[in-house]
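Residue numbers (my numbering), protein chains in the order written: chain A, 37 to 346; chain B, 262 to 799.
If you are wondering where the hints come from, they were derived from the structure by calculation, not from laboratory data.
Mixed in with the good hints there might be a few duds.
Among chain A residues calculated to face chain B with C-beta under 10 angstroms, some are [unchecked claim]:
#, residue
1, R108
2, T127
3, A143
4, C273
5, G297
6, L316
7, Q318
8, F326
To list a few chain A residues with every Cβ distance to chain B over 10 angstroms, as calculated [said to hold, decoys possible]:
#, residue
9, T170
10, H187
11, P203
12, D238
13, R319
Even glycine gets a Cβ: it sits at the ideal position worked out from N, Cα and C.
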Amino acid sequence: MTALEVRGITKAFRTLKAVDEVSFTVEHGAIYGFIGPNGAGKTTTMRICATLELPDRGDVFVDGVSVLDDPRRARKKLGFMPDTYGAYPQTTIREYLDFYARAYGLAGKARKATVDQVLAFTSLAELDHKLIHTLSKGMKQRLCLAKTMLHDPSVLILDEPAAGLDPRARIELRELVKALAAMNKALLISSHILSELAEMCDGVAVIESGKLLAQGRVDAIQKRLQPHHTIWVRALCAPDALEKALLEEPDVSNVRAERGGFGFDYTGDDEARARMLARLVQRGLQPVEFAGGEVKLEDIFMSLTEGKLQ
Amino acid sequence: MSPAEAQALAGKETANAESGFARWLARADDRLNPILVKEVRQALRGRYFRNLFWLTVVLATGIGVFMIFIANVNGDVDELGPNFFTATFGVLSFAVHTFVPFWAFQSMGAEWEENTYDLLVISDLRPRQMVLGKVLAATVQGLLYYSAFTPFLVSTFLMGGVDILAIAVLIGLSLLASITLSFVAVAFSTLGKTKIVRAGLAMLLAGALLPMSFGAIGFGTLLVQESSVLRDPDFLLGLAFFATALPLVSLFACAIGCARLAHEEENRSTLLRILTSTITLVTLGWSVYVYGFLFRGDAEWLAALTSIGIVASSAAYLFFVTEAEPFGRRVAQQVPRSTGLALLALPWLPGGARGVALIVVHGVLAVLVTAALALPLGDPEVVAFVAVFQLYAFAIFGLPSGIAAFGIRSLRGRTAVRVLIPLGVGLAAFLPALVGFVADHGDWMRFEHPFNPVYVLACVASQRWEDATGGLVVLGATVLFALIANTKRVARAVAETQRCAQARREREARHAARDAEPSAGPSAELGAGGASDAATER
Ligand SMILES: Nc1ncnc2c1ncn2[C@@H]1O[C@H](COP(=O)(O)OP(=O)(O)OP(=O)(O)O)[C@@H](O)[C@H]1O
Ligand SMILES: [Mg+2]
C-alpha cells in the first residue's frame, strides 16, 4: 500500500490559492523532497497531510487512511515535525518526551524504554536533564525529531528539519533520515537547502504558487526539463582556440567562458562525447579537465521556477 | 522503537522482583492524565505558583494575627471567630475562585500562545483528556490552597461563634464551585486563538471571576454567621438546586471545550445537544418535584424553573441552529443504520435544521410536562406561560437562522448570524421604545409594546390578556414565518439523514460481502456514503 498519497488537494486562504490541485505519492522506504520558493505552499500542503488544516478539495491517504474520514487513525500513523513550534517552559528533555509518550498511550517500562531509544537515536541521551527552553536551535530540532518518532509512525513529514543546523548536525540529520528510510518508513521532507535533499532523496516534488511543477526521480525530471547536459572543459591551449574548436563541434551550443575554461550545453550521447574529447586531444588543445553532466537539484529548481519568479 | 519492541527490551530489566505497592504505584502513574503530570511537573519547578501560594498563606496569617490583636485591644472577643473566618475565607476565595480558574484559562491559552498546540493536537490525546488535564491541574492547586487554609478556618470554630457544619458545607460548595469555574475558564479559553481575542476573553473572564469571589465571600459570611439558614427549607432547596447546577455547568463547559478542540470533521454537536436535553430534563424534574410535591401548586416556581431551563440552553441553541446544514463526511458515516433510529436521533445530530428540531422537541416536552402537572391542579395560565415562552424560543432562533440558511454557507456568515440573533431581540425591544420616545407614546416609551418578549411574557404571567393580545399576534406571525422559513431545510435535513442511514446499510452490506469473499481488495470503501454533497458544500 502506498504510504502517503496526496490526491488533488486545494486550499485557499480567502482569494489566495496556497495549494492548487496538488497530487503525489510517497512509497514506504522512500525519501521524498519537497522543494519550492518561499510561499509556494509547502507548509500548507504538509499541514493538510498532518490533519492540522482542512483542504477545500481533495484528500490525503496515510497508509490508505483518509485524513478527512478518520483523522485520529491517520494521526497514529503520522509523525509531523512543523517548521516552527514552541517548547514548554520548566520542562526537561526527558519530561518532554515522557509527556508525549504518555499522550501516545505508552505505559510503564515500555514508555521509559521508548524514550531511552529515541534519546539514543537522536544522540540526546546525555542531555536528558536539560531544560528545553535553554536548548540551542539544533538541539531543539533533534528533540522534535525524537518526539516525532515516539509512536513509531510509518510516515514522517518533516518541514524544513535542517533549518538552523550547523554543517555537522546536517550531516547527522541526513544519516538519521536515511536510517529511518531503511526502517521502511516513508519520509516527506521540505527544505531550502537543495544540495542536501539531492543527496538523500529518491524523488522530489517541485511546487510554486501552489501548483506542482514537476515530480518524480531527480534524474528523470532533469532529462525531461533539459535534454542536454552541461559540460565544462579547461585546456592548456589559448582560450580562443578552445572556444573555436568547441563551436565547430556538433551537438554543442551556448558556449560561455567559465572558471578559466568554457562551459557549454551538449545534446549528444556518451559515445559522441568520448569522440569529441578524442578530437580535442588530437587537435593538440591539451584538455586537462573535462567535467559535468551531473544532475543538480539547483538547476532543476532554477529552470522550473525562474520563469514564474519574474 | 515500536511499543512491542520496547516492551521486549524492558522485559529484560524486570529480573529484580518489585513490591506490590510499587507495581500499583506504577500502574496508577500510567493512568494519570498526561497533561496533569506535565502541568504539575512544570508548576513544581516554576517559581510562579510557589510564590503565589506562600504569599496567600502569609497574607491570611497576617490578617488573622492582626484581627486577634485588634480583638484583644478592643476587648470584644465574641466577634473574633466570625471575623477571623470572613478574613481567611476571603483570601481563600480569591485564590480558589479567581486565581486558580484564571490559571486554567492561561494554561490552556499558552498552548496557542507558545505555539505548542499543533504538536499536542496531533498526538493521541483526546480533547477530553486535554480539558480534564488542565482542570485537574488547576484542581490540584486549589486543593493545596484548601489544605493550607482549612486549619485556619477550623480554628475559627474553636474561637467560637462559628458553626462547624456551616464550615463543612461552605468548603464543599466552594470546592465544587472552584472546579466548575475552572471548567468554564478552560472552555472560555478555547473560544479564541488570536492575541487580540484572547486579551478580550481574559478581561471578560477576570471581570466575571472577581464578582464570583466576592459573591462566595458574601455567601460564606451569611452561612457562617447565621447558620440557622441551614434549617430553612427554601434556603436548602436553593442550595440543592445550586449543587445540581454546578456539575451540569461543568459538564456543559467541558463539552464545549472538547468540541472546540476536536478535529473539524468530527461530530462536535451531538454531545452538547444531549447535555442541553439533560439540562432541560433536570429543570423539568425539579419542577415536577417542587411544584408537584414540595410547594404543591406554587405556579411561580413552575414558571421560573421551566424558564431557567430554556435560558440556560439558549446560548447552546444559538450555535445549534446556525451549524452548517449538511453532515460532514465523517459524521455522515456515523448516522444510525436503521432509518427509524436515525430519524429518532435526528434532533441530536449536527446541522442547523436539526437544531431547530431540537428546540421543538424541548418545547413540546416542556409544555406537555407542565400541562400534566398544572392542569389537574387548576393552573392553566402556567401552561399558557410556558407555551408562549417556548414559542418565543422557536421564533427567535428559528426565523433568522431559517432565513440565513437560504444563502449563508461560510463560517463567517454563520458567526454573523450568531451575533445578529441576540442583537435582533435587543433591537426589537429597544427600537419601538425609541419610536415611542420620539412619538411621545407613554407605553411604548416604557418598553410596554408588543415587540418586547419580556413585556408580553409578563402580561401572560399576570393574565393581563388584553395587554398581551398585540404581542401574541406579533408572536403568531413570527412563528408562522419561522415555520415557512424552516420547512425546506428541515425537509432536506430529514432526507439527508435517511440517505445517510441507507448509505451506511449499503456500505456495511458491501463490507460483509467482501469479508465473506476474501479475494476482494481492501480499498473499496473510500468515498462511500452520503458524504459527497457534504464535501462540496463545506
Ligand atoms: N493561515 C494562513 N492564512 C493566510 N494565508 C496563509 C496562511 N498560511 C499560509 N498562507 C499563505 O499561503 C501561501 C503558502 O504558504 P506556505 O507557508 O505553505 O509556503 P511555504 O512553501 O511553506 O513557504 P516557506 O518556504 O517560506 O516556508 C503563502 O502565500 C502564505 O502567505
Ligand atoms: Mg514553510
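Exercise for the section: Please flag the earlier hints that this structure goes against, numbers listed from lowest up. Expected result: 4, 5, 6, 7, 8 and 10
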